[in-house]
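Novice: One letter stands for each residue in the lines below.
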Amino acid sequence: MSAIDWPGEIFRALHGEAVRIVGYVPDAGHKRLIELCQADRDMRSVVLTTEEEGIGLAAGAWLGGVRSVLLMQSSGVGNCINILGMTRECRLPLLILVTMRGEEGEFNPWQVPMGQATATVLEAMDVNVHRVLAAEEAGAAVRAAVRRAYAGNSAHAILIAQRLIGIKSFQQQAAQ
Amino acid sequence: MSAALHRRDVVKALLLERGDALVVAGLGSTAWDCTAAGDSPLTFPLWGAMGAAAMVGLGLALAQPARRVLVITGDGEMLMGLGSLATIAVQQPPNLAIAVIDNERYGETGMQTTHTAAGVDLAAVAIGCGFSTACVVREPEDLEPARRKLLGGAGPVLAQIKVVAENLSLVLPPHDGPVLRDRFRQALLGS
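Each protein sequence line maps, in turn, to chains U and G.
Note that the working numbering has the first sequence beginning at 1, numbered continuously upward.
Note that the working numbering has the second sequence beginning at 177, numbered continuously upward.
Just so you know, these hints were derived from the structure itself, not from any lab.
A couple of the hints might just be wrong.
DEER-style ranges, computed between Cβ atoms [claimed, not checked]:
| no. | chain 1 | residue 1 | chain 2 | residue 2 | range |
| --- | --- | --- | --- | --- | --- |
| 1 | G | GLY304 | U | ALA174 | 24 to 34 Å |
| 2 | U | ILE81 | G | GLY366 | 26 to 36 Å |
| 3 | U | ALA3 | G | GLY304 | 39 to 49 Å |
| 4 | G | ALA363 | U | GLN38 | 29 to 39 Å |
| 5 | U | GLU35 | G | GLY304 | 24 to 34 Å |
| 6 | G | GLY295 | U | GLU136 | 51 to 61 Å |
Sample of chain G residues lacking proximity to chain U, with all beta carbon distances greater than 12 Å (derived) [claimed, not checked]:
| no. | residue |
| --- | --- |
| 7 | HIS291 |
| 8 | LYS325 |
| 9 | ALA330 |
| 10 | SER345 |
We put the beta carbon where it would ideally sit given N, CA and C, even for glycine.
Generate the whole structure from the sequences, applying the supplied hints.
Specialist: Right, here's the structure in full:
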């Protein structure tokens, strides 16, 4: 695990860029960021039953004038595909923060197929993909993506490398 | 039991006194119904994204807590986003209402029956999730009380309104996404 508090850096970037609605399906890699968002009075956290709900949530929020972010694991990206057609066809701003599975350090082979396809699937639906490979890049990457999404009505996903999350086993994940 | 209500009459009645309510119309027949009742910049019709109408409504309701948000969608569309009823109930948006225009059919694809034809009760699902109010409307005299709840009752509210399965003329809203986005935001936010 990195010594840099990258979830805290991401939270400060989101807050500073006036992101006020946070849709999420929990992931171990997003645990701290979710807790920071839940504890913040300015932010409304919305737990989803499936990630595709978040694409609708973000669309409605922006029609109502509010910026949002979606937090999910790479497996959840596959659940979003068809609804991303609305994002593209209406040119709606969108920001998704994806914690990656199926990469270096993966302990569950069933996570590998969607992990390997995540960027391809997003790009197929016209979502701009940015990778964060090191903790010190996270805050700036998120800040830049929020600005690009909302200044240019475009969709962006930031893929946070599994090595930042640093969980190596089911036991470690459960104990987090 | 055959339904007595007709969808175009129902949607027209729901929208007649909408005031400054924000409306999300689910894809297909309900979008055409809303347009037949009178197009408005504050109606956002979906041409796709099946299953997302209620969640677009939730996003709007959270962003605009002082405005009524009414989602008008079909039974097939609502069934595809059934989990969103749980998500909405957890948030308890007091200003969000969902009208499910239930003809028990997938109307755009050949009138195949949906789960509601076999008895799936969306109002019971909504209550089970934690909606404040949910009802099934079968008779014409039950429509007015449901309309009042949809437009003014403490949300989240869901009304499942049984209507005749009928093929009607297409009354299409604008389909260009950025036009729909911009006219809605202009009318609501002035930007």
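Novice: Look at each hint and say if it fits the structure.
Specialist: Hints, verified against the model:
1. G/GLY304 with U/ALA174: 24 to 34 Å: Holds, since G/GLY304 and U/ALA174 (Cβ atoms, about 30 Å apart) stay within the stated range.
2. U/ILE81 with G/GLY366: 26 to 36 Å: holds (34 Å)
3. U/ALA3 with G/GLY304: 39 to 49 Å: Cβ of U/ALA3 to Cβ of G/GLY304: about 46 Å, so the range 39 to 49 Å holds.
4. G/ALA363 with U/GLN38: 29 to 39 Å: holds (33 Å)
5. U/GLU35 with G/GLY304: 24 to 34 Å: With a Cβ separation near 29 Å, U/GLU35 and G/GLY304 satisfy 24 to 34 Å, so the hint holds.
6. G/GLY295 with U/GLU136: 51 to 61 Å: Given a distance of about 57 Å, which is inside 51 to 61 Å, the answer is holds.
7. HIS291: Per Cβ check, G/HIS291 is outside 12 Å of chain U; nearest 17 Å; holds.
8. LYS325: G/LYS325 is indeed farther than 12 Å from all Cβ atoms of chain U, at 21 Å.
9. ALA330: holds (19 Å)
10. SER345: Consistent with the label, G/SER345 stays out of reach of chain U, its closest Cβ about 25 Å off (over 12 Å).
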